[in-house]
Each structure stands twice: as C-alpha cells, then as structure tokens.
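**Student:** Letter by letter, the chains look like this.
Number of protein chains: 2
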Amino acid sequence: MKTNLSHLSNNHFSKGVEILSIGSELLLGNILNTNSRWIAEQLSRLGLGHYRQLTIGDNLERISTIIKEISLRSNLLITTGGLGPTPDDLTTEAICSAFNVKLYERNKLWEEIKKKISTPISDIENSSLKKQCLFPENAKIINNPRGIAPGMIWEPIEGFTIMTFPGVPSELKSMWNESAFDYIKANFSDGSVFFSKTLKFSGIGESILSEQICDLLELKNPTVAPYASLGEVKLRITAKAESESKAKGMIKPIKEKLKTKFSRFIFGEDDETLPSIVIKQLLERSESLAFAESCTGGLLSASITSVPGSSVVFKGGLITYSNLLKESLLNVPTDQLARYGAVSQEVVQSMSVGVKNNLKADWAISVSGIAGPGGGSPQKPVGLVYISILGPNNRSKLIKKTYNSRFNREEIQTLSVNEALNSLRLILLSIK
Amino acid sequence: MKTNLSHLSNNHFSKGVEILSIGSELLLGNILNTNSRWIAEQLSRLGLGHYRQLTIGDNLERISTIIKEISLRSNLLITTGGLGPTPDDLTTEAICSAFNVKLYERNKLWEEIKKKISTPISDIENSSLKKQCLFPENAKIINNPRGIAPGMIWEPIEGFTIMTFPGVPSELKSMWNESAFDYIKANFSDGSVFFSKTLKFSGIGESILSEQICDLLELKNPTVAPYASLGEVKLRITAKAESESKAKGMIKPIKEKLKTKFSRFIFGEDDETLPSIVIKQLLERSESLAFAESCTGGLLSASITSVPGSSVVFKGGLITYSNLLKESLLNVPTDQLARYGAVSQEVVQSMSVGVKNNLKADWAISVSGIAGPGGGSPQKPVGLVYISILGPNNRSKLIKKTYNSRFNREEIQTLSVNEALNSLRLILLSIK
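In the order they appear, the protein sequences are chains V and E.
Per my numbering, the very first residue in the first sequence carries number 9; after that it's consecutive.
Per my numbering, the very first residue in the second sequence carries number 9; after that it's consecutive.
There may be inaccurate statements among the hints.
A pair counts as met if it fits within one copy or between any two copies, since identical chains are not told apart.
Unchecked claim - DSSO-like mimics (lysine-lysine), calculated; alpha carbons at most 27 Å apart, straight line:
#, residue 1, residue 2
1, K122, K408
2, K124, K208
3, K181, K242
4, K228, K139
5, K388, K260
6, K148, K440
7, K208, K181
8, K76, K23
9, K269, K368
10, K265, K122
11, K248, K408
12, K122, K368
13, K116, K256
14, K408, K124
15, K269, K139
16, K388, K124
17, K116, K139
Hints listed in this document are in silico derivations from the structure and should not be mistaken for laboratory results.
Remember, it's a predicted structure, so these values are computed and weren't measured experimentally.
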C-alpha cells in the first residue's frame, strides 16, 4: 500500500484525516464516545492533521452517503463500530455500497474466525457470524487479537484510504497498536511529531490569564491553548517538529516565560494535581497533615487520599458536622460556638488548633462554611466559607471566601477544597 | 419564533437535528466529548430524530463551511463551545460569516456581562470580553445563569435554526434546562411526548440484568435501555405518546414488573442516589449516622454530605488513616492491630464500635481495605476491603469484598462506598 500512496504530494496529505463513529447507541446518548478521543490523541502523536469527527447511526444509506462525502475531502478515514455479526452491523457493507464494489468471502479468514468462537453453534456455516469474513477484493485485513471481527485497510479510490475498527475500545486499541499505528506512520505521516506540555494554574481565571498572554495564544507553532475547569485553568503548549527533542526545545522557552510571569499561579505540569503537589511538598519536608472539615464534608480528605501513597503524609481527618462534635473532638469552646456560630473565623481557627493538637500533625487545615442550598442568611449567605491553616512555629493563615451565588453545593465544596490546598501550597512554597 | 416555524410540514421536521461540537481540544483528544452524549440524551427525551454528530476545531473557515453544509440538510443545529472571550472562540463569528450577516453589540447584554465579572479589569470596554455581547440582529439570546457567555437561537434562513451553547458542561446544562428544552419542545417536537422513568440498580451487573430482561430490551414503545456505570446499572423506560399521562400509563406496568422481579436490587428512581436514599430512610426513622473511614479516605462522608440537608442525619466521620488514630479516636485495641493488621475483620469491627460510641450515632459504618496501587500482599491483595455496619440493638453486618485487579485506586474506593451504602440500605429496608 505504501507504494500506492508514495506518489502523492504533501499537498494531498494536507486534505487530512477524519474519524467516523458508527452506532445508533451514540446518537441516543446511551454511551460516551471514548473511541474518538483516543484515536484523536493517537493522530496527534503521529502529527497528523485531523479536521473532523463524525458520528452516525446504524443505517446503511446514511453511512454510505457520509462515506462518499468524506472521500471527496479527506485522504484517510478511520471508522469505528458496526463490524460485528448482528443485523445492525453495517459498516463494511455500507462502505462497499458507497463505491459500488462487491463483498467477497475470505475462506482463510473464516477458518480463523470459527476458531475464535468459543460457544458451539449448530449451523455455523449459515450463521450471521460469516458476515465478518466478507471484504472487498483488494482490502488488506487488520487482525483483531482481542476479539472476533477483523478490520480492513482499503483504498477504494486513488488518494482515499479507509481503515475500519470495531467499536469495542479494547479491540480497537490492540488493533491500532499492533497494526494500524505503524501503517499510518509509514503511509500518512509527514515525518513530524507533535509534543505537548500542560501547565496548571490555580487562583487565576481563564479570562484574566488569556488577556495577559494574548500574544502567546496567537502563536502558530508551538500553539498555546487555555482550558478551564472549576477552580483550575490549564495552558497546553503544543509543538510540531521533526523529533520529540526538537519539539521539547521549542516548548521550553514558552514554558519558562510563563513560569516566570505566573510563578505563584502555576502549581504543576501534566498529570500533577493540587493534592499530589501538596503531598510532594510535605514529603520533601517530612511533615504531616490533618484536616477538620465541616462544609466540605470529607471532600478535602478524599482529594488528598485519592493520591496513591498519601498515607505517609496524611494523618487523618475529622468531619465534624455537628457543633457537639466540634466541641468533643476539636475542643472548640462552647461559648465560642454560641457567640460567633459554627461558620465564623473564631470557630474555624479553634477547629484547626484542635485537629492539629489531637491528631499531632505538623499542618492542619479546617474548613467551615455554608455550601447551601439551605442554611444561608443575610449576614452569612450561602457561599461564605472560612478556611484556617495552621503549621509549625505557629505559622497560620485565615481565609474568608464568599463564593458567587451561581455556584451550587458541590461546586462550593470543590472550590473550597481547591482554595485550601492552593493556599497550603503557597505557604509551603514561601518557607522553602 | 414558534410562528416562523409553524407552517413547516412534518416532512420538513424529518430533516432532523445535528449536534456540532466546536473545539480544537476535542480534535487533539485532550478532552472527552461528554456534551454530545448529554444533548443526544436530551433529544431522545424530546422524541427528536438526530442523525449526525460532528466535531470541528477552532478555525473560522472550517466552522463556517460545516455550518453551511448542515443548513442544507437539517432543520435544527445545536452547537457547543467557542462562545468565550479568547481569540479561538469563534462560533458566533463563524455562523454569521456562513450567512454573510453582521454582528451587533447588545448594550443591555454587555451591562449584564460586566456585572458578572468579579475581578476588575482596567480597560474593560476595550477588552476581549466584549465579544460575548456580539450577536446577529434578529437572534434571540439564551441566558447563561451559571457563567458569562450567553448563547443564541437564530434562524438565518427559513427552516433552519441554530442554537449555540458554551462548552462548559454545567453552563450548557443549566441553559438547556432553563430555556432551550421548552423552546425545542414547542418548536420542533411533532406534538408527541416522550416520557422516561429511570430505575437504578445496585448489586447486579449489566450483563446479568440484560440477560434476564432480554424480552423487555426488544420492545419498541415503551423502550427499555440499560446504562452501566461503576457499581450501578440504570434501566431507562421511555414511552412516546400523545400526553405525559398516557406515556406514564404505558411505563407503569413495565416498571411494576421490574420492581417485582428485582426488588432487592432497585434502590431508587430518576434523580435518587444511594446517599439520598439512605438519608431518606434514616430521616424517616429519626436515626443518625457516623463513619470511620480508612481506605475510602473521606469519600464515604463526602458522598453523604453531597446531599443537601444531610446534616440532620450525619453526625460526622473520622478518617483514621494511621493505626495510631485508629487507637486514639476509635479505641481499636493495640494488640488487635498488631495481631490482625489494620485491614482485618477484627479491626474494622472495632472501628465501627468505636465511632458509634464516640460520635453517639445510631448507625455506624467503618471501612478498611487496600485501595492500591501499593500496599498489597499475597494474603491481603489490593482490592481487599472490609466493611462493618453497626446499628441499634447490636444489629450488625460484616462485609468482605475482594475487588478485581482491573480496578484502580479510585474505582476500589467508589465501589466500597457503594457497597457500604447499599448494604445499609438493605438492612434498613429489612427492619422496616
């Protein structure tokens, strides 16, 4: 196949790649399309431009129509789904119908498929399973090491290749890794590599960050793109180059520039998270951590303990929802609770003192607030959260946040957890 | 807008709906496209045929081209993404360019947007934020109650309507629920109503459940469709009828049949969750709850406290990661820890006794296990989890689970939380 395509110009390659997911269950919203994302990531790794993803149901005519459309504007189509034995598995048939080509039975393939069927089937020769060995005459087969239905590589018209894969993610992945990746690299890649580095920000919003780096956002290679989620912004720097090391070299100066400009706000890179960074910092200092949670209800502890190995640093957490527990477990004075209320700077500070002493931790964080939807008042509205951080040598910090009323209970809890961990991160950074 | 479309024939409606996701991060495989699935589910609820989903990057010309294509074959396009203030947010501009229409500044909208910006921006009038108040002249605005960028409903040519939404899932959902759903129902539905009832199962796998109801899965109206997620299976029964009451009447016998057959496994309906059901059960009994968590690290408490009003029932939780804390806070005997280890039925039982007494709760749940990835041994592998439940009158239950090695840390924690809550639910059910 390589020779077939080798005469094509680079200009031709620039027509790009498309991914077509086939299955009515996707259109009904029954399942999440994880395959498109996975293939997209693979194509990025191969440095292949990919301009469209499409999803269509199990309908012969519609699949056929969309494939004809794609053949006019792209040079490689990757399909997933519709390769199995049931009546709604129509992919190969629809592709052939799009190009008026017949399907042929492959005897050797049929023998291999029969060997893979574990349950005996009385009339296997006439069963619907046989469909899986039908292919156009000059298609190349992609072996399926994890399942039954094979895929194909087929060039129905000059300059347009289709590769078919099953919809089962594990089968798709093993077929891709064993056969497709090398094939695509040899035939469609222009030799360049894409490499990305992600910087993670806390304490700064997407719009403010974007304003301050508008020059970087307009770069063409490397590109810089922001992604926002609740309480966190990510910047992804992606470079295209001949080799990974060259791409890394192109990314480095931009990364350094951002790190200088936003040092306080950047908490980590790539797979790092706020909890993983805080644990790393405390491990380096051989210091321990404990929590007293009220409105976050265990979320702060859960976020820390989601990190493997957190038990070395994390002593434990006390979730003291009731005032009684704040008194008995955290030694918050009864009159303080009566005078200032559970959501107050006085009580949250007493909570941090209590948990630090009782759990014998180097660092303690306490949180008390009103996550809503009920429990708010004009003086103490939903969204009001106090956080107290206490460390060695009486180092302490008190934080008062009033989160916007558009945030719901879960979001207020998440934002409070991020705020607490980011504040501790900054304190630990400052006493380095 | 309703009158504009009311003259259209049903045949016209049959052209259908398309979903277009806009964002280079989707083409790069950086994020999973959860929006398309969510919208697809919503369209199913509305009984609207939907034949294609498309994804495209942040490129003005390409977005514009694809929108022109869609306008020729569909009557409703729903877009997500590209509405923010950054230079790669191009959706509204690209749509207007597709139909050669100008963008106009909406002063009132700009005032509303400015109010939502919490951080002061020096030159806000000339900032990129202003982009978010630019719309074609006759577009209707979709208010964004959870974020800044509004969307629009616009009919650029007769018989073709575009609705735009941000890519942030929480913003999309609130805009959809507050404005879009009713609009689409009034203007695009064929008059029939879809109504769904979801039954939620715990303690039974999707394949076993599906085998036992294969007759129901083949029904055409109502339809029954299974959806599986970690530790939970949902069955959605959907009926299409002239009215909601008729649809409900069609769903009822199937629901009753399922409830009879799977009574133990069905924990709730629709928006109910295991935590919300357990809280409801305890509220009815005026009984309280407390937790002692080791391997779940706060996740059990966080799941209960995610439910508004949980403070009435939930006394608190002790996250005792270290053996020392198990001794001091839960009175677990030192020799028991030394003899059996923290992950043992003896220790987990002592933990539940300790937390029940110390927090003076009617019900106590304790969890101790090995969530991994490290910490396993041949005798106590990763995935081994003990759960102890203790209630009034010395009612107790001990659970030992050995989760499959394919589950990661987070999944083992989640499965343990589900197991603990479902077991308590069943105990409370049995003593009704």
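**Student:** For each hint given before, does the structure comply? Return the numbers of the non-compliant ones in rising order.
**Tutor:** Violated hints: 5, 6, 9, 10, 11, 12 and 13; rest satisfied.
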